[in-house]
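Peer 1: Going by the numbering used here, the sequence shown wraps up at 478, each residue one higher than the last.
If you're looking for bench data, these hints aren't it; they were derived computationally from the structure. Ideal Cβ placement from N, Cα and C applies to all residues, glycine included. Treat the hints loosely; a few may be bogus.
[Unchecked claim] Pair by pair, the computed Cβ-Cβ distance ranges are:
| # | residue 1 | residue 2 | range |
| --- | --- | --- | --- |
| 1 | G266 | S402 | 49 to 55 Å |
| 2 | T159 | S403 | 33 to 39 Å |
| 3 | S323 | S355 | 17 to 23 Å |
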Amino acid sequence: MRWQGQELGVVDADALPGMERIDGLVRSVTTPEFAGMTFHEVQCKSALNRVPAVSAMPFDWTVNPYRGCSHACVYCFARGTHEYLDMDAGNDFDSQIVVKINVADVLAREVRRGSWARETVALGTNTDPYQRAEGRYALMPGIIGALTESGTPFSVLTKGTLIRRDLPLLREAKQQVPVSLAMSIAVADESLRAAIEPGAPSFQARLETVRAAREAGFRVTVFLMPIVPHLTDSVAVLDDALRRIAEAGAGRVVWGAMHLRPGVKPWFLQWLAREHPELVSSYHGLYPGASVMAPKAYRTWLARRVRPLLRVHRLTGGEEDDEPRRPSRPGPVVTTSRGRAAVGVGTAAPAAAPMLF
Numbered sequence: 122m123r124w125q126g127q128e129l130g131v132v133d134a135d136a137l138p139g140m141e142r143i144d145g146l147v148r149s150v151t152t153p154e155f156a157g158m159t160f161h162e163v164q165c166k167s168a169l170n171r172v173p174a175v176s177a178m179p180f181d182w183t184v185n186p187y188r189g190c191s192h193a194c195v196y197c198f199a200r201g202t203h204e205y206l207d208m209d210a211g212n213d214f215d216s217q218i219v220v221k222i223n224v225a226d227v228l229a230r231e232v233r234r235g236s237w238a239r240e241t242v243a244l245g246t247n248t249d250p251y252q253r254a255e256g257r258y259a260l261m262p263g264i265i266g267a268l269t270e271s272g273t274p275f276s277v278l279t280k281g282t283l284i285r286r287d288l289p290l291l292r293e294a295k296q297q298v299p300v301s302l303a304m305s306i307a308v309a310d311e312s313l314r315a316a317i318e319p320g321a322p323s324f325q326a327r328l329e330t331v332r333a334a335r336e337a338g339f340r341v342t343v344f345l346m347p348i349v350p351h352l353t354d355s356v357a358v359l360d361d362a363l364r365r366i367a368e369a370g371a372g373r374v375v376w377g378a379m380h381l382r383p384g385v386k387p388w389f390l391q392w393l394a395r396e397h398p399e400l401v402s403s404y405h406g407l408y409p410g411a412s413v414m415a416p417k418a419y420r421t422w423l424a425r426r427v428r429p430l431l432r433v434h435r436l437t438g439g440e441e442d443d444e445p446r447r448p449s450r451p452g453p454v455v456t457t458s459r460g461r462a463a464v465g466v467g468t469a470a471p472a473a474a475p476m477l478f
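Sequences are here, hints too, so could you generate the full structure?
Peer 2: Here you go:
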């Protein structure tokens, strides 16, 4: 692996943010309660990651305590990031989890700096901060505490029901800084969900988490994403999903068709050929060559199905493409420990709902 070198103190320019020093690996751990998984514990140098200026994301800063994700979602766009570690974007992404064990302490130092402008920080935009590893390492309470104590607004997007553990802490944080919560709930049919998101909680378990967060005082956004062409885009499936989401008390819904980025497309198409071979030719038509997004014609067709159902179930929200985007900014686009970009100082803004797919 690129981050397991022979010399101490060597900086690897190809490593992921926070993993540039290849002597950052503390140990690799396997335990019976996490059979088939390996946790690679690292000491990170930086916690805050600046989002590239060219990105359409509605936030500038992220924190990612984990790399890889045990939810094992076949469609996860972040799979390609594992290839930077000389791991594969398939099984390794699901089972070889990089854990930044000191991320909360590093974050606390970064947000105490006089130069920190208390801009919104998004959690859960790459891999899930409430995946199974969080049950072992409990990094999120420290991250929440560091952001809250510094007066930094933040948002959390997750599939993980483990967030319920931290609802009291999040409720306290909300008294001091803007905090927004979002739950990603994509597949209502449990047999399909188990096939396409084999390590994630069930649809119903996530709905119960939405209900618990609402009862804790949060207006929860549900990301009905990705909508998977020919598998979860029928009127009956969408109607059932939105009905159940409304009954759980979601505040709003953001929806969108599946993206297939380069790092995930081969893995997803391999899964499709095994599970639904009858759909392979259709997918080559929807996502030809290097295409990432479904064609506009499909997205328009999908909108005509979803929008009336939102009204039927009295849900607010909209399509992923309708979500507000931050204005572009000039200059260098990434701030990591490899090099600090010269950026303007902003002011604290309300927490924005993150985009995952």
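Peer 1: Confirm or reject each hint.
Peer 2: Checked hints:
1. G266 - S402: 49 to 55 Å: Taking Cβ atoms as reference, G266 and S402 lie about 51 Å apart, which means the hint holds.
2. T159 - S403: 33 to 39 Å: holds (37 Å)
3. S323 - S355: 17 to 23 Å: This hint holds: roughly 20 Å between Cβ atoms.
Comparing the model with each earlier hint shows no violations; every hint is respected.
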